[in-house]
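Going by the numbering used here, the first residue of the sequence shown is number 472, and it counts up by one from there.
The hints are simulated quantities; they were obtained by calculation from the structure and are not laboratory data. Ideal Cβ placement from N, Cα and C applies to all residues, glycine included. Heads up, a few of these hints could be off.
Restricting the straight-line Cα-Cα distance to at most 27 Å, the calculated cross-link-like pairs of lysine-lysine (DSS-like) are [claimed, not checked]: (1) Lys-730 <-> Lys-694; (2) Lys-717 <-> Lys-506; (3) Lys-772 <-> Lys-629; (4) Lys-810 <-> Lys-821; (5) Lys-772 <-> Lys-829; (6) Lys-829 <-> Lys-618; (7) Lys-694 <-> Lys-749; (8) Lys-829 <-> Lys-784.
Computed beta-carbon distance windows for the label pairs [unchecked claim]: (9) Phe-756 <-> Lys-611: 21 to 29 Å; (10) Arg-774 <-> Thr-500: 43 to 51 Å; (11) Pro-817 <-> Leu-603: 38 to 46 Å; (12) His-507 <-> Ile-589: 37 to 45 Å; (13) Thr-761 <-> Trp-481: 47 to 55 Å; (14) Lys-516 <-> Trp-481: 17 to 25 Å; (15) Pro-718 <-> Glu-750: 41 to 49 Å.
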Amino acid sequence: GLPNMTEGFWQNSMLTEPGDNRKVVCHPTAWDLGKHDFRIKMCTKVTMDDFLTAHHEMGHIQYDMAYAAQPFLLRNGANEGFHEAVGEIMSLSAATPNHLKNIGLLPPDFSEDSETDINFLLKQALTIVGTLPFTYMLEKWRWMVFKGEIPKEQWMQKWWEMKRDIVGVVEPLPHDETYCDPAALFHVANDYSFIRYYTRTIYQFQFQEALCQIAKHEGPLYKCDISNSREAGQKLHEMLSLGRSKPWTFALERVVGAKTMDVRPLLNYFEPLFTWLKEQNRNSFVGWNTDWSPYADQSIKVRISLKSALGEKAYEWNDNEMYFFQSSIAYAMREYFSKVKKQTIPFVDKDVRVSDLKPRISFNFIVTSPENMSDIIPRADVEEAIRKSRGRINDAFRLDDNSLEFLGIQPTLEPPYQPPVTIWLIVFGVVMGVVVVGIFLLIFSGIRNRRKNNQARSEENPYASVDLSKG
Numbered sequence: 472g473l474p475n476m477t478e479g480f481w482q483n484s485m486l487t488e489p490g491d492n493r494k495v496v497c498h499p500t501a502w503d504l505g506k507h508d509f510r511i512k513m514c515t516k517v518t519m520d521d522f523l524t525a526h527h528e529m530g531h532i533q534y535d536m537a538y539a540a541q542p543f544l545l546r547n548g549a550n551e552g553f554h555e556a557v558g559e560i561m562s563l564s565a566a567t568p569n570h571l572k573n574i575g576l577l578p579p580d581f582s583e584d585s586e587t588d589i590n591f592l593l594k595q596a597l598t599i600v601g602t603l604p605f606t607y608m609l610e611k612w613r614w615m616v617f618k619g620e621i622p623k624e625q626w627m628q629k630w631w632e633m634k635r636d637i638v639g640v641v642e643p644l645p646h647d648e649t650y651c652d653p654a655a656l657f658h659v660a661n662d663y664s665f666i667r668y669y670t671r672t673i674y675q676f677q678f679q680e681a682l683c684q685i686a687k688h689e690g691p692l693y694k695c696d697i698s699n700s701r702e703a704g705q706k707l708h709e710m711l712s713l714g715r716s717k718p719w720t721f722a723l724e725r726v727v728g729a730k731t732m733d734v735r736p737l738l739n740y741f742e743p744l745f746t747w748l749k750e751q752n753r754n755s756f757v758g759w760n761t762d763w764s765p766y767a768d769q770s771i772k773v774r775i776s777l778k779s780a781l782g783e784k785a786y787e788w789n790d791n792e793m794y795f796f797q798s799s800i801a802y803a804m805r806e807y808f809s810k811v812k813k814q815t816i817p818f819v820d821k822d823v824r825v826s827d828l829k830p831r832i833s834f835n836f837i838v839t840s841p842e843n844m845s846d847i848i849p850r851a852d853v854e855e856a857i858r859k860s861r862g863r864i865n866d867a868f869r870l871d872d873n874s875l876e877f878l879g880i881q882p883t884l885e886p887p888y889q890p891p892v893t894i895w896l897i898v899f900g901v902v903m904g905v906v907v908v909g910i911f912l913l914i915f916s917g918i919r920n921r922r923k924n925n926q927a928r929s930e931e932n933p934y935a936s937v938d939l940s941k942g
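With the hints as extra help, turn the sequences into a complete structure.
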């Protein structure tokens, strides 16, 4: 029911990376260049992932060819998610063991059992469902940036906060605002909306279930292959040919018979896996600790009190001061490794990675190897380096051990001061001393009051001691 790829498609598409040293963008994309010139661009290798990606991109081309007769402004998907969903329909059928046997990629005698079914569904779920939290989180971050809710100086901070909270992924190393991790993604750097990948996940299973019913498929939804169904292809082509000429709700109803998004087909597809996972994960903890970090045990917390140390002469803590701090730690690391470990390691400021900077000037930092940023220097070595250069570091910032605190690090190599008597005995002695003094004062006050009372009674009756009967 769907047309073949054009002759120009096979002649002009870039399916492998050029061998003539040209620099190309290998990210898979589909192109409608006009005048029935349709191409895809990707650098394939002989892998299952690239096999399915090629089918996905050809799904885009099928959509492009179907609405080619529409006016230029209407040559697009009913919405962004539709275009992606159509590509995924092709991949869902191409991934089935039955389809792979039909095209010779699996031997004819390949037998399926419950284990192969679960493995297949688990691979599908990790590829399709596992990305839902990320696509939602990324698009939410983009919208918040565009609305001005995340200032530029907090892009990275908010990115990783949201990724920890929503996706459950932590940054492998602390990244400050000098980085821009989101832009490493092709879609962000090239201003592609990412919500399409969220909605397409729902659409694709609605389409797949409806088309499998049209193809009169019998059996579980995850085993359905519509590639040889003329009826299913024609029904899909009718919807694709609408392009953007009708609202997406109309186009959706044309295939699935409903105007609303529905996740039930997705749940039907993965139902065997869902049942298996519930049993496998029985009594398992669900969730994650958003405060956990792989480098937390190696990080050192710093607190700086400029006002209390310098008063009115306190300077502003800014990016330049932070650079100075990082350079000072790098100096201490060089000194320590050179003089103690007899190693020459060229630490620089960028090897001191700062995170969790707070307005009241507190932050955490770790030190990484200049040769490999994923190699974190043990905290014990960093502590020794700071102890040996503590005076130089304090002098650099006109502070002392109390106003420039490295939590958990003593100022010198000497052991911390231990009082000869335990603290609770000292406190007990002080309290008992106060009690004894209080008792003494009460006794003395009582004696003095009694004397005053006796003297007062004598003055009131001076003849009380005279015997008047004796004349």
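Review point. Going back to the hint list, which numbers does this structure go against?
Key: none
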